[in-house]
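Use the sequences and the hints to build the structure in full.
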Amino acid sequence: MTGTTVTADDAARRRYHAVIVGGGWAGSILAKRLGAQGWQVLVLEAGNGGTETWPGYLDSLSTFYSAVAKVPNSAYRPNTAAPSPDVLDLAPVRNPQTGQPEFTAQGYFVQNGKLPYGTDYLRALGGTAMHWLGAVPRMHPDDFATQTTYGYGRDWPLTAQDLQRWYAEAERELGVAGHTAEQKELGVVTDPHHQYPMHHIPQSYIDQYCHRKLKDAVVKDETVPDEKYKLKVTGLPQARNSTPNPEYDHGTYRVKGAVGLPNYGERCVGNASCVPICPVQAKSHPLRLQTGLRDNVTFAHRCVVTRVRAAADTGLATGVEYRTYTDPASPVSRSHIAEADIVILAAHAIENARLMLFSGLATKSGQVGRNLMDHPTILNWALSPEADGPLGPFRGPGHTSGWETFRFGKGRRTRAPFRIEIGNWGWGWATGAPMSNVATALGIGGDAHGAVRKDGVFGPELRRLLGSAIGRQLQLQIAVEQSADPANRVTIDPARYRDAMGNPRPVLTYNLDKHTRDGLFAARLVARKIFKGLDAEDHTNHAPRDGVPPLGHFVHQLNHKTLDLAYSGAGHGAGTHVMGTDDRTSVVDPFQRLHDHHNVYAIGCGSMPSIGTSNPTLTMMALALRSAAHIHQALIAARRPIEVRTTANPDASTMAEATA
Amino acid sequence: MITATTLDEQGFGIPATLEELHTYLQAAMEVEHLTIPVYMTGMYTITPGTNRTAYFTLRSVLLEEMLHMTLAANLLNAVGGKPKVGRKEFVASYPAKLPFSGPELPEIGLQHFSPKALETFLTIERPRDMAPKPKPGDGWTSIGQFYDCIKKGLDNLVRDLGHGAVFTGDRNHQVGPEDFYNSGGEVFAVHNQDQAHTAIRVISEQGEGVKGTIWDSDDLIFGEQRQLAHYFRFNEIYTGRRYGQHDVPGKPPSGPLVDVTWDDAYRIDGNSKLADYRKYAGTSDVHAQAAAFNSRYAALLSYLQTAFNGTPRAMALAIPTMLELRDRSEQLYRNPHPDPKRAAQGLSAGPTFEIDAPSFQEARPHVEQNLALAGLEAGAPIDLSALSPETSETFA
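Heads up: the protein sequence lines correspond to chains X and R, in order.
Read in order, the letters of the first sequence correspond to residues 1 to 660 in the numbering used here.
Read in order, the letters of the second sequence correspond to residues 661 to 1056 in the numbering used here.
Source of the hints: derived by calculation from the structure; they are not laboratory data.
These numbers were taken from a predicted model, which means no experiment stands behind them.
Quick reminder that beta carbons are idealized off the backbone N, C-alpha and C, glycines included.
Hints may be right or wrong, so weigh each one.
Unchecked claim - If you want the footprint, here are the derived chain R segments under chain X, 3+ residues with CB under 8 Å: (1) 710-721; (2) 883-889; (3) 978-986.
What the hints assert, rightly or not - Negatives, chain X to chain R, calculated, CB over 12 Å: (4) Ala-69; (5) Ala-91; (6) Ala-145; (7) Ala-177; (8) Thr-190; (9) Thr-431; (10) Gly-445; (11) Val-452; (12) Thr-540; (13) Thr-581.
Take a look at the structure:
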């Protein structure tokens, strides 16, 4: 890695133009852009570094391989000093009482809502992007004005048009492989000259199978009786190495290799473990942006920012206070202060909110921490008919195609829109396949009395059974838009809930409103129809079993029909410091600058007033790039003299202004 | 390895005609390829998950040998030749004599990861300054010396015949970074003398290092991270110690320790042949698997044949084949040697790399079918979706 990495103590000795809190995608791109303009930048990362080195990356791989539960955080070591929330923190309650939550939450989050917030993130160098899937669809123009167009959610102060050029830059920085024509057809890419840097990642056999069987079938959404939805399998733009596109930038784009080891990094060869870690680094990650930084960008790891220091009289920030630790197993730490002209929070929506709340920032609107969002995702699983042969699940990225039609159109007025991902990893998410299939076939788990089961098989019979049970697994994971609801929020209660280092833990209050629940309901019914069209046997079951409800379970009634439904978190935390033009109703302005503190920026998905049905990273990066340009201008403006007089030619400065 | 061997037997100097230059470059490809089964054996006999530093060191060198072979193909195409890789004559039989080497150099065999294997690797990559000066008529002692001859021959031909008469190759035959990448350095098209010089420099300096140093020139040519040349990368493994900033070629490395555990390797008898396995075909599937390995290796070379002769995008078919060879290697090494006596000594089975005519014959139908079915148009997205499975083996 280049740039300069220093200890926490050294980081405090200097003054910076900008201090960035968080070394994930947003923090890294800001560091890169501001660093390239020559500004002195400090990036404080709360978690461990190390993955940017080759032995560190291998260690993350080993940690993943040896993990029992292959959850998104499983490749990265636990950290007491800077804890991360984990999807394993949630547990269902057996025989829950009516009206009471059906889950309990251990770990970093305190949860007191009706429903669980089932999304994690990672506090380590590179952030949650170390275990992201790499899906980078753009948002649709309609997504930016749902209130005006469809009567729900919050509008953006920006339009899709405002973001097109920043989207394109983000696609370059992330290294996106995609199919331009398809995205233009969807209406999310509007520039006629647009190209992706790399050719699209090939669609999987499952995608092609679905396309062959359903063609352009029309599916009815029972909740939207007037609309007809035509199914079309559409490729997913992905931040993953493929073949450079000769049409892009005169064919000059080069595929980015691995970090930490020369001669490594491949194009995607379908290792099928993108989440949590790509063994060949075909998947893009923020550590790539951190290589090649100049020496004016300083990184310090294991520096947990505890507070933004803002002056009481001007409201302007003077810097941040942070605590550093040496042993991630222990909360023992020392406190330092880093001073800077501009403070940039890029620590994740929930962490940004937590910091602002504890620092007493941006209190005017009362919106800090509110409008917490995610993409509640309903899983649907089925077996394809034996006669069609194996479908080849567990190959390739998590998903390579989707059905997009339910994202758009009038139906959004009735129920939340959704995007259907055609899963490539069998029933992995829904049931823990293929490990769960192996365990079941072997008879592991025992019978009701704890005795060894007699129906376990081995040898050729085991292979046949697994081939049949795993090879035909289809899974549709359907991500539903959740709109901004001020009641869904992050708060802190430092008197009661602190982490081991003494920092306040996020207290989450979460629920799904009717519009979102209707969307999940509609999605489930559509999935049923799709499975029917595929002649697949639908095994989806979201009802409680033996009194144990699945996580995210709720019962929903619509049009006299009642369904047991359940959702999972998508890892798309957003909306805790929403942007707007009015300082009474929003936290940041359209450049993600705090209305109340003109030298503090809160960057990330937290700024989004709505997230549509697109995985939010690309939009977040487009916003971050736009903010980086704005911050650069702000730093320049703060240094320009009031008036430049010359003695030689008194007219020169007025001339320059007139011609500017 | 027929071209290189013939050349070696004839005794050689500086290629004087275009035809001779073609022969020399064909021999160069064969020499580059000679190392690949040797290094592959060293790498894939490492017990998975162990000796990681050594594994990735071997891998990095192996990838650069592939880069060299591809650059040599680009050179040959640039001067109007036709690379020939998809035939049994291209492959050496092991143990192989390093072409152009003096009689004092040992034969190069297939060896599992071990100090002995590393000694062989060091011999192959030895920089010319550290090799004994060749006596007249005694053959050459370093691959770098061989490339010097090619460079001189090329320069003489350009001087005598004119640039246009030497660089007559079809530009579309060049393999560029869109089809081959990330091997330390970068593959690039060769259309002229300057590019040819750069290609030769990359090949020589990645192997031997910049003259008088332990470093290659990837940082100077490609703006990449500075890396040790092959010989010195191997020497780090062999000695179990890293080079430091101030180390020089003639002295052992003086940097920090490298953790190498020689016992974490599948031990093999590198001289085992298919014929040896065949004797136990009744009791062990190793023979069938080793034969299948050879045929899949033949498929790899057949795809490369197409990639080097006008369809660079055929490289896309070589890549899954290489991954398959990795998995097949490991499966073979995980099996005991089918000969009970050798198995009792703790020896494993392994690929024999006897890539003979039947191997190519067996591979041909699928190779041809896949080349016809795959979407390999230059500049367009690669489309392998029409391909069928390479073998009739099924999961259940």
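Evaluation of the provided hints:
1. 710-721: holds (count 4)
2. 883-889: holds (count 3)
3. 978-986: Satisfied; 3 residues make the cut.
4. Ala-69: Since the minimum Cβ distance to chain R is about 20 Å, X/Ala-69 lies beyond 12 Å and the statement holds.
5. Ala-91: Answer for X/Ala-91: holds, closest chain R Cβ roughly 33 Å.
6. Ala-145: holds, 34 Å
7. Ala-177: Since the minimum Cβ distance to chain R is about 9 Å, X/Ala-177 lies within 12 Å and the statement is violated.
8. Thr-190: Non-interface label stands for X/Thr-190: nearest chain R Cβ at 22 Å, farther than 12 Å.
9. Thr-431: holds, 20 Å
10. Gly-445: X/Gly-445 clear of chain R: closest Cβ-Cβ about 23 Å, beyond 12 Å.
11. Val-452: holds, 25 Å
12. Thr-540: At about 26 Å from chain R, X/Thr-540 clears the 12 Å cut-off, so the statement holds.
13. Thr-581: Correct as stated: the minimum Cβ-Cβ distance to chain R is 42 Å, above 12 Å.
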